[in-house]
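Listed below are the residues making up each chain.
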Amino acid sequence: AQSVTQPDIHITVSEGASLELRCNYSYGATPYLFWYVQSPGQGLQLLLKYFSGDTLVQGIKGFEAEFKRSQSSFNLRKPSVHWSDAAEYFCAVGARNTDKLIFGTGTRLQVFP
Amino acid sequence: DTGVSQDPRHKITKRGQNVTFRCDPISEHNRLYWYRQTLGQGPEFLTYFQNEAQLEKSRLLSDRFSAERPKGSFSTLEIQRTEQGDSAMYLCASSPGRGANVLTFGAGSRLTVL
Chain A
1 AQSVTQPDIH
11 ITVSEGASLE
21 LRCNYSYGAT
31 PYLFWYVQSP
41 GQGLQLLLKY
51 FSGDTLVQGI
61 KGFEAEFKRS
71 QSSFNLRKPS
81 VHWSDAAEYF
91 CAVGARNTDK
101 LIFGTGTRLQ
111 VFP
Chain B
114 DTGVSQDPRH
124 KITKRGQNVT
134 FRCDPISEHN
144 RLYWYRQTLG
154 QGPEFLTYFQ
164 NEAQLEKSRL
174 LSDRFSAERP
184 KGSFSTLEIQ
194 RTEQGDSAMY
204 LCASSPGRGA
214 NVLTFGAGSR
224 LTVL
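Protein sequences appear in the order of chains A and B.
Going by our numbering, the first sequence wraps up at 113, each residue one higher than the last.
Going by our numbering, the second sequence wraps up at 227, each residue one higher than the last.
Just chain A, same shape as in the assembly (with noise of 0.2 Å):
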């Protein structure tokens, strides 16, 4: 069955410190993995995506992820923290043939000064 976990429902971290956010995959076809975040009360924003090439992935906010297909994993990073990051962060897994995306159950960023 395809699925994602995430398995960090909240992390503390201070304000400056490095961050890794685990996410881990199940699907059968060739991932496109994704992902989002979510202030309160807000839409979902997209972070970064990947569909091939590259494993390294760049995205906004001076985020960046790594796709290791070995361990079937994209956990996102950030190496200086600021406040403002403090969200739900979601990863989401897609694929080609699909529109659908298929996302995780969440992982709630709290950061403190």
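Because the hints were derived from the structure by calculation, they are not lab data.
A couple of the hints might just be wrong.
What the hints assert, rightly or not - Some but not every residue of chain B turned toward chain A, in silico, with C-beta under 10 Å:
| no. | residue |
| --- | --- |
| 1 | 119 |
| 2 | 122 |
| 3 | 130 |
| 4 | 150 |
| 5 | 153 |
| 6 | 158 |
| 7 | 168 |
| 8 | 169 |
| 9 | 171 |
| 10 | 202 |
| 11 | 206 |
| 12 | 216 |
| 13 | 217 |
| 14 | 218 |
| 15 | 220 |
Claimed, not checked - Stretch by stretch, here's where chain B covers chain A in the computed footprint (C-beta under 8 Å, at least three residues):
| no. | stretch |
| --- | --- |
| 16 | 40-47 |
| 17 | 101-111 |
All of these numbers come straight from a predicted model, not from anything done at the bench.
Glycine included, C-beta positions come from ideal geometry on N, C-alpha and C.
Model the placement of chain B on the given structure of chain A, informed by the hints.
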């Protein structure tokens, strides 16, 4: 380009009433999607349109739910005889299509059923 617009942003209704949500996608996008997001969960796919054709519906979309996109522009999602379990955020998204999968989401319509 004003992005994806959804209306209303918030709706409170009593159980058994009907509600309708509207979505205006990005004008040049021919694909439109509806997702539902409940508290503590990620968005779940409901249905999507290519222009005015509804191409796929999730099993989550019971017969009380109906979605339309009559002229291939805006879309409506109607829920009849609402139940408390329908309380959720209803998200609309659009994309250029052709397998690009890059969805642009609206801010959502939050439904509370009392």
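These are the hints, each one checked on the structure:
1. 119: Check passed: Cβ of residue 119 (chain B) comes within 8 Å of chain A, closer than 10 Å.
2. 122: holds (8 Å)
3. 130: violated (23 Å)
4. 150: Where the cut-off is 10 Å and the nearest Cβ of chain A is about 9 Å from residue 150 (chain B), the hint holds.
5. 153: Holds: closest Cβ of chain A sits about 7 Å from residue 153 (chain B), inside 10 Å.
6. 158: Because about 5 Å separates residue 158 (chain B) from the closest Cβ in chain A, which is inside the 10 Å limit, the hint holds.
7. 168: At 8 Å from the nearest chain A Cβ, residue 168 (chain B) passes the 10 Å test, so the hint holds.
8. 169: Because about 7 Å separates residue 169 (chain B) from the closest Cβ in chain A, which is inside the 10 Å limit, the hint holds.
9. 171: Holds: closest Cβ of chain A sits about 8 Å from residue 171 (chain B), inside 10 Å.
10. 202: holds (9 Å)
11. 206: holds (8 Å)
12. 216: holds (6 Å)
13. 217: holds (8 Å)
14. 218: holds (4 Å)
15. 220: Given a least distance of 5 Å, the restraint on residue 220 (chain B) holds.
16. 40-47: Check passed, 6 qualifying residues.
17. 101-111: holds (count 6)
Violation of the numbered hints given earlier is confined to hint 3; every other hint is satisfied by the structure.
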